[in-house]
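With chain A's structure known, arrange chain B on it following the hints.
For reference, the chains in residue letters:
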Amino acid sequence: MLVAAFTWTEFAQQIAAGIREGAIYAGLALAIVIIYRSTRVINFAQGEMATFTTFVAWSLMNHGLSFWTAFPIVLALAFAGGVAIERIVIRPVEDASVITIVIVTLGLALLLNGLMNLIWGGGNQQFRGPFSTRTIDVAGAPISVQDIGIVAVSVALVALLALFFRFTKLGLALRASALNPDSSRLVGVRVGWMLAFGWGLAAVLGAVAGMMVAPVVFLDPNMMQTILLYAFAAAVLGGLDSPIGAVVGGLLLGVTITLLGRYVGFVGEALKLPTALLLILLLLIVRPGGLFGSVTVRRA
Amino acid sequence: MKIKLGLEIVGFLVLALLIAVVPRWIDDFTAYEFAIVGMYFIALLGLSILTGYSGQISLGHGAFMAIGGYTTAILSVDGIYGHQLRDLWTIPLAGVVAGVAGLVVGIPALRLSGLYLALITFGIAVSFPQLPKKFDHFFGGTTGKVLNLVKPPFGLDTTPNNWLYYLTWGIAFVLLVFAWLFLRGKPGRALQAIRDSELAAASSGVNLATYKTLAFGISAFYAGIAGSLYVISRAYINPDVFPIILSVYLVAALAVGGLNSFVGLIVGAALIYVLQNRADDVTHWLNHLPALSLDPKRPGMPSVIFGAVLILVMVALPTGVGGFLRRIFGPLTSRLYSRW
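Protein sequence lines correspond, in order, to chains A and B. Positions 874 to 1173 (our numbering) are the ones given, in order, by the first sequence. Positions 111 to 450 (our numbering) are the ones given, in order, by the second sequence.
Each hint should be verified, as a subset may be incorrect.
[Unchecked claim] In silico SDA-like links for lysine to any residue, alpha-carbon gap of 20 Å or less:
#, chain 1, residue 1, chain 2, residue 2
1, B, Lys-243, A, Leu-1133
2, B, Lys-244, A, Leu-1144
3, A, Lys-1145, B, Pro-428
Because the hints were derived from the structure by calculation, they are not lab data. Computed from a prediction, not measured in an experiment: that's the story for all the values here.
Bound-form chain A, shown alone (with noise of 0.2 Å):
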């Protein structure tokens, strides 16, 4: 049987579940085109540094603090983690080939979820969040305030980034360097720092998803490691360099992923994923650059 018993209800539900599982594919997926855009590198730890500042922040509000005192912290530690990341760790291979980078981003990546481990354990942890999980009644379906609450702040990151991108000098400079970093370069731009930049920026991002999705499921090193790929597949569905892109991708792949799950009963629970992948190798076959993206010529 392919659909399994339907209520309006009940659909409504999935609906708002996929879009807030979309939500924090949008922000990771986001994080990684920042990245990707500026430095053109894919960074495979872009879920651990998430997940380890979620860690910060449970440490935090371990400490008494609460959450939303926690969060403008957690931010700026991100945002300074992230600028020293580029700066010791991808500054030295930031000429290296591909294989090169992403094997150093794989080793960030091995290095910060030991670190968890050893600093905070392998365990599963509660991690209190925000948003209550009652419901509230949305035109006649019940979703939970929780879920609001979570597009609602990734909403709201995107709309503050997106104005920063486009009003301040600093974004333009940003997007200066990423576009044409020589010719930045000659007009003042001070690139090296910009891709810093743009690394904490990425962090900072993680950081809101880790800290959006950790009530949700339950606080682990590994936490993000299905979910990075559920964002590297958005990136990749909207297109790699296209911010746009990542939004509308993670929305949309989170939307089809959990009705494919609910719904169509020879994927269920366990092959959301391998479908995901499969979706995104069909699409890469018939539209190498995304929905979003430019398509490049190569030289060779």
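For chain B alone, kept in the frame of chain A given last:
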């Protein structure tokens, strides 16, 4: 050129001799440990053909090992038409099944450049463990399958661990010679040409599709053999026997050893084994350093060390251990050549 060939053949003979005599000097458990290192070495050989020679990256080789392992488990526990196979005969079959899976992955890989390939193969690594859970009546689900314990065949008078050692390193030696023959001839040159410039290779008449897919197939074949041997040695399989992190460890070990250095691969293989199974010892040893007191019971030490080593090697020594050795011995051997 002739002297280089001679040196390489002498190298192989020395290696064969070493493989044969080492068990005399080590105890039974160490033989088992060496056998496991040999299995990682086989997997790394395959990965080296793919990444080091054809320039394609795979973050999913743990999954190909798992395919080999499951093939062995299913054939020797459930059998075909009720006929259980002896574990020994499942080894080549495991390689073939994994190799075919590699060819299948290799075809879409043709359309994907470096980063996309890394993403897709990483996806394979992460999603493969879901399959045994989904099709549990076939794969044994999360509980897994239990195999017969290793037993030396043909009434050989040796311990199981010694047998495992000879089996693994025997196969490793054959596969090493095969890789050497494959890479020193036309296919090897074609693959390296592709790695260095696809456009230049194609315009010199190298068939990109054939060679790139072939490299994927052979590489997965090696991984399948390694996975099969690993399952035979553990006599047990479930999704946790080949964890997701294994795929990352393999790439990491390859990078530390040097992308295309056979000697470096042994170092890489040993590194995986030590960090996975001897992490406690490493922690104890690290505690001798001043200002460090780490709890060996905490998980995560292997990943911290591996990650740190990986980053350091990539930053300071981008060609890995193999490249380092070459830089030391290179001038020596090239002087040897020039005398002739």
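Okay, which hints does this one fail, numbers in order? Going through the list in order, the structure violates hint 3 alone and respects the others.
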